[in-house]
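Going down the list, the sequences are from chains A and B.
The numbers in numbering that gives the first Met the number 0 rise by one with no breaks, and the one at position 150 of the first sequence is 149.
The numbers in numbering that gives the first Met the number 0 rise by one with no breaks, and the one at position 224 of the second sequence is 223.
Some hints here could point you the wrong way.
Because identical chains cannot be distinguished in the list, a pair is counted as satisfied if it fits within a single copy or across any two copies.
[Stated by the list, open to error] Here are the simulated BS3-like cross-link-like pairs (lysine-lysine), alpha carbons at most 30 Å apart as the crow flies:
| id | residue 1 | residue 2 |
| --- | --- | --- |
| 1 | K7 | K359 |
| 2 | K88 | K359 |
| 3 | K107 | K7 |
| 4 | K7 | K239 |
| 5 | K200 | K7 |
| 6 | K88 | K7 |
No lab work stands behind these hints, which were simulated from the structure alone.
Note that the structure is a prediction, hence the values are computed from the model and not measured.
There are 2 protein chains.
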Amino acid sequence: MNNYVVPKRGFTPSEFEIRVERAQQVMQRHQLDAIFVTTPPNVRYFTGFDSQFWESPTRPWFVVVPLSGAPTAVIPEIGAPEMALTWMKDIRTWPAPVPEDDGVSLLKTTLEALPRRFGRIGAELGREMSLRMPVVDLLRLRESLGSEIVDGSPAIWQMRMVKTEAEIEHIHYICSIACDAYEALPAQLSIGESEREAVRKLRIDIARRGADSTPFMPAISGPGGVPQIVCGPHDRALEKGDILFIDTGSTFDGYFCDFDRNYAIGTISAEAARVHEALWLATEAGIAAAVPGATTDDVWRAMNKIIEDAGAIGNNVGRLGHGLGLQLTEPPSHRPGDGTVVTENMVLTIEPGMEYAPGKMIVHEENIAVTRDGPRLLTKRAPREMPVIR
Amino acid sequence: MNNYVVPKRGFTPSEFEIRVERAQQVMQRHQLDAIFVTTPPNVRYFTGFDSQFWESPTRPWFVVVPLSGAPTAVIPEIGAPEMALTWMKDIRTWPAPVPEDDGVSLLKTTLEALPRRFGRIGAELGREMSLRMPVVDLLRLRESLGSEIVDGSPAIWQMRMVKTEAEIEHIHYICSIACDAYEALPAQLSIGESEREAVRKLRIDIARRGADSTPFMPAISGPGGVPQIVCGPHDRALEKGDILFIDTGSTFDGYFCDFDRNYAIGTISAEAARVHEALWLATEAGIAAAVPGATTDDVWRAMNKIIEDAGAIGNNVGRLGHGLGLQLTEPPSHRPGDGTVVTENMVLTIEPGMEYAPGKMIVHEENIAVTRDGPRLLTKRAPREMPVIR
């Protein structure tokens, strides 16, 4: 279906060793004896463990990364055969579900056997992640553990925000597949078909081209723009003068793309075309600003100036782009006050958007990797003029 | 693509009123002045709000259900236009993401304005759910709130475990679609193709037949059985004598099916066929046992006897079925000690499985609704003899 070189699935043990080593350097700076993680992206980041079984919230899973040495998986028996296929050597299990003690005492034993230097253990207690275990179990563990359990999210984001080359190639591949499917959509879709039909066609095409899944594909249409960009599709039929907005977070081997495209349904108004042009230029400016040493505030400012000059009356998104990787959205955020320094090997979305009249919003989005020499597009740049569906 | 009557998407305001009323009766018994929920299934259960935007963990969302009166949504601005399309009247927003105070003070104000009778607020702190907000924010809220925040999960599960007729029709529809796709698979697949190819074909077919998404489709193959049932697919090619196991949690309008099918690749061993027959009979026994007034222990026992008699050497799943609905897996669990009384309008999986030789497991699964007159199959019963792929 495509001519791209498919990245090898999974990662080498040396890739995981690099990740753990970098994690341990960060833990040292944050004075953590260990971190333990519970969520799909964090477990996968350190182990390579791939499963859709996260969809079942019944059983908690834990991976302990110590300040030195290899990580330990503390997981339900049901997951052991597959975890054994990863680079992980130390796998401890219990016969979950056992509501009376679902892995908590096994996790405690594992943590208490580690050397104690700082007396602090990091967990996923903070921003842009949520702990995937019952809070009552965390509180119980916190009371009985010799060490303090602190918010490990700043440390974890420092680890994950900068990608390896192999991670970037994964993201590039899923971006390429999805771009091709978006390009092919106008030939498949006609005025009068519904938003839902558009999504179904695009989903199927992205799957055919080699994506593993499409957990995120909001779509919405409206005359000259849309009221929001994160929900839908609905059964609304596409009408002349509409803009059809479709975003996608599709995945390959765990890694997300996250970008959108806009389609003109027949002819759109001159005003909508003018706003679209301004956003295309804002995207150019945002991409150009994403160089090593700049801050996320700088990237935001570069886009925001153009948007404001173009007459924005609002934007309910709250930021103009963000990180991505094993999650659809990750830190940092392009917003005033975020203050993250852009560094080599970050992967970012550039996402300017504006409401130019009540209920009429247009949003653009591209994905880039930051290289030593500046930004590198991972998506194929959206056409300067909106593609037309007839 | 199919002849089924497609259930109307969404639910009437009176359906939500019934859900809230039932919730309030449960809250009265649990002595809760309110519950607040943060997770996709619980937010959807009370509001009907449908979004794939949950894939982005950046912004927390809250819905407050008080002991009397209508619920309140406390949500990021980005979600307000879509929430306004639901039956919800009271929608309060903040311009998320604002890491300094991401909705916490707005949630606090909302909770503190409620009448105080018990001084207890329930939250998603317990089993089979995980709180979708930073734990540090919960702890901050807990310290400053006049009322105690307690584990609301037992109350929430009491509310959700018994379905409405409309919920059951949603589940029945997605079960029917998925069953048809499984039936059509052998004609599309040949010996030598890979597990991954099988999944891609089945995924696309289920989408074509009208499913909204397929968040869960593990697949694995092996000679005479499989080592696990929750991970995969891999690139392994299907060989004569293999059993190919594919499970799916696909959705329609938010509701899951959760069942599996097994395929014989060419001819399987007599031993594997014998175990398959025993599991088919165990499924019959499990279905028959799921009558109002029985317990989940009884359902487990009915299946377990047949499995043990058939020579099971283990089962790493930890239970023989569970609830389902807005989640792939929900309470109760068919396991000794669970003790839940089976009642009318529960939707359950009947999932006997056994390892009969090391690394050789076979698992069956069907979905049923419990009616006054006994169990009603929502899936089309799996054929007694394993379908063959040639």
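Non-conforming hints, listed in increasing numerical order: Checked against the structure, the only hint that fails is number 3, while the rest are satisfied.
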